[in-house]
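S.K.: Letter by letter, the chains look like this.
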Amino acid sequence: MLTFFSDTDCDITPKECAQYGIKLISMPYTVDDKVIYPYVDWQEFDAHAFYDMLRRGTMPTTSAMSEEFYVKTFEPEFAAGNDILYAHFSSGTSNTFTIMDMAVKKLLEKYPGRKFWHVDTLGISALAYNVVLEVADLVKAGKTGDEIVEWAKTEVPKFPMYFFADDLKFFRRSGRVSGLAATMGGLIGIRPIIHLNDEGKMVSIGKETGRAKAIARLVQYVQDLGDDVKGHRVVIGHSDCPDIAAEAERQLKAIYGDDLRVVTTVVNPTIGSHCGPNGLGICFHAIHR
Amino acid sequence: MSQTINSTLYSDMLRQGAASLYKDKTVVNDLNVFPIPDGDTGDNMYMTLKAGENAAKGNSLGDIAHEAAQGMLMGARGNSGVILSRIFAGLAKGLEGRDSADAATFASAMRSAVKEAYGAIPVPVEGTIITVLREGAEGAKGNSLESYFDSLLEAMQTSLDHTPDKLDVLKQAGVVDSGGAGLLCIFRGMNEALHGIVSEEEAAPQAAAAAPALDLSKFTEDSVLEFGYCTEFLLRLTRAKTDIEHFDEKELIDWLEAHGESVVAFRDGTIFKVHVHTFTPGEILNHCQQYGEFLTLKIENMALQHHQESNKNNASFHKPKEKYGIVTVAAGEGLIASFKEIGADVVIPGGQTMNPSTQDFIQAFESINADTILVFPNNSNIKMAAEQAAGLYKDADVRVLPSTTIGEGYYAIASADRDCPDAEEVIEGAKSIMESVATGMVSRAIRDAEGDGVKVVEGDFVGYQGKSILSDSPSRKEAATALLERMGSAGRDVMLVFTGEAVPADEAEALQSELTTRYPNLEIMFNRGLQPIYDYIFVLC
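Protein sequences appear in the order of chains B and E.
Okay, so the first sequence: first residue is 1 according to our numbering, each after it adds one.
Okay, so the second sequence: first residue is 1001 according to our numbering, each after it adds one.
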């Protein structure tokens, strides 16, 4: 048997996990020294309450998981004779996967017959979500772990995500975006446009003045780089700005038609701790990232 | 009447010059080409001259003139104040080394003043204070001081009367140049002193004019001391009390830090300067008096001042050195807070009707520890004082950027990349963003006027951009929406709005909702600026 794992940093919800047969790993965030595990410490993500807390000035933090955590998560599967496929958020944004690799190595030594495949989505939020759903489709279609890993090698680099954030203090504090100028542009409506590169790292690649222009630029990327856009999902991720996400969807459908498969997700709180409220990202299938 | 000017007489001339200007200060202020309260030329010149008069100490005429000029240099406010300070610097040059001056010497000093004043302005504009000075000096004749001053005043008056012929804006507004008028007032007063007339102290002393009045109602019979006392003093170390050579200022600073907060203390020669927040100022004073005697002393209950800016008191030497420091000027609690939020290190309280002095800028620079200090004056009438301060300050590379509006300064500061290693790149970036910003304002008209096809009625609300009047309406909201329409808001991407202290919250909300509907593609951000005079400041980018 193959047990399929994903994690909450990929925006996937327990309801969707049940639908696709995914086991969900909860990636925690910390508010006021209290470590909170999504869908463990609460059942429904109240995005508005969470992002309003950030708007009022709270700055949550996040932390990597321990080796023990991964052993506890994966060992029961190996012990039961199952193999594991884990589609996870970008290793380029966290060192948690170095720790996971050590845990998996030990487990595989302990359970020599078992197999562990992982798909590094090289993404977070909407991008990771899009790739996880693609993998879920493949699992459903009966593809093997090896086949899925092969698929990932060529296809993951074809899922770009371009996004902007409203308030840069979150990204600045997290230090996870390179090329971000040390400005207070968010307060004057200047938004850096950021993308996830081939290593799954966030890079600032320009800026736009005003939200309308920022949305237009994201949509333009879909047009410029898109490849078989309609043959895949277009995932729009937002951090508590549904109106802006709806506007992006309206613009995309005006270009590609109403049958464009647009899926909207709300950026999970752990990733949201780094990008802050009122951010928008679009992930689509493209010639390259 | 005296045939020569000596040190005492020159002091009297400065004093009477200030008294004369004080008397007509309001008249000078009202010579305003724009129907909006702005550029209080009379106040600026008066405060500048008073700073000179207060500093005028010395034995000889040359010394007094020099010290007065130095005082004015530091006290200069507004462009007219800066030019006035240069006029007196020129006079001081002409009087250098002299114990007294006769008519010929004073005439020569006046020529030196003309040269200095023209040299201070990159592009001298005729029809202003410098014209009145120059034409006065050129027209003044006579071998006696009496005849020289009579002809000087006559020539100045003629020149002033003709300023509207030289400058269209004056003609359109139907006024003479305010700086020239202020200068004539000053020289009239100086002439009175020559005739032995020296007034009693004018009604409002300099200190009252310079320092914002404290609101004593903020600490009542029922108040509890919450913020302590802001205690500042200069202590002269004395030989009678301490071994000056071996005085350990570090030990005293440590003691102050243990007994108070926000300590800023340093030694300059035998003067020890202290700023400390304490609940028991007596304890601090008694301790420090062991080492010397006080030169000056100021203690204020911080409940009265806690809302005021205390930038000047924050010492630079406690802070690690930064690549950039940013100084700007703004009025209004909310606006000042917004400037701090976007990264201004010091926001000097001030603006159109309260121009900071050169000294205010220098104090701001002193509170910053940075390689490069970027200064955003946000007003064309404040730029010269900032530049004068930049020229005098040696501990950092101070660069004054030509921001003439709140919007330009705000955008440039918010988008300045503090990590950029190249200051020139930051400055060029700031200049370029300033060019892309348009600032419009709504204020109440102080008189009838007509300009740019808009008829302005006194008491109406006027919307304007730079010096162009774009709307007028008895309704503030309508003046605002009409202004924004004429500013081409539909073609812009972002609009920042700072609402003034006079604007009620419900009006701001109604306007925000109306603008959001009218300009769906515009990102609109409202902030409570709480600034005086400008009911709305709109920044379009």
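Please keep in mind that the hints were generated in silico from the structure rather than gathered at the bench.
We put the beta carbon where it would ideally sit given N, CA and C, even for glycine.
Careful, some of the hints might be misleading.
Unchecked claim - Covered by chain E, according to a simulated footprint, are these stretches of chain B (three or more residues, beta-carbon under 8 Å):
hint, stretch
1, 131-144
2, 172-183
3, 186-193
As the list claims (entries may be wrong) - Derived DSS-like pairs: lysine-lysine, alpha-carbon spacing no greater than 27 Å straight-line:
hint, chain 1, residue 1, chain 2, residue 2
4, B, Lys169, E, Lys1218
5, E, Lys1166, E, Lys1467
6, B, Lys207, E, Lys1166
7, B, Lys169, E, Lys1166
Said to hold, decoys possible - Partner residues aside, some chain E positions facing chain B, computed with beta carbon under 7 Å:
hint, residue
8, Gly1459
9, Asp1460
10, Ser1489
S.K.: Evaluate each hint against the coordinates.
M.R.: How the hints compare with the structure:
Counting residues of the stretch 131-144 of chain B whose CB falls under 8 Å from any CB of chain E gives 0; the rule of at least 3 is not met. Judged by the Cβ-Cβ criterion of 8 Å, the stretch 172-183 of chain B is covered by chain E as claimed, because 3 of its residues qualify and three suffice. Counting residues of the stretch 186-193 of chain B whose C-beta sits closer than 8 Å to any C-beta of chain E gives 4, which meets the bar of three, so the coverage hint holds. Restraint check: the Cα-Cα separation between B:Lys169 and E:Lys1218 comes to about 36 Å, which exceeds 27 Å; the hinted pair is violated.
Between the alpha carbons of E:Lys1166 and E:Lys1467 the distance comes to roughly 19 Å, so the proposed pair stays at or under 27 Å and holds. With a CA separation close to 47 Å, the supplied pair B:Lys207 and E:Lys1166 exceeds the 27 Å bound. For the proposed pair B:Lys169 and E:Lys1166, the alpha carbon gap of about 53 Å is over 27 Å, so the pair is violated. A hinted interface residue such as E:Gly1459 counts as satisfied when its beta carbon comes closer than 7 Å to some beta carbon of chain B; here the least separation is about 34 Å, so the hint is violated.
Here the hint on E:Asp1460 is broken, as its CB sits about 31 Å from the closest CB of chain B, past 7 Å. With its C-beta approaching chain B no nearer than about 12 Å, E:Ser1489 sits outside the 7 Å limit, and its interface hint is violated.
Hints 1, 4, 6, 7, 8, 9 and 10 from the list above are not met by this structure, while the remaining hints are.
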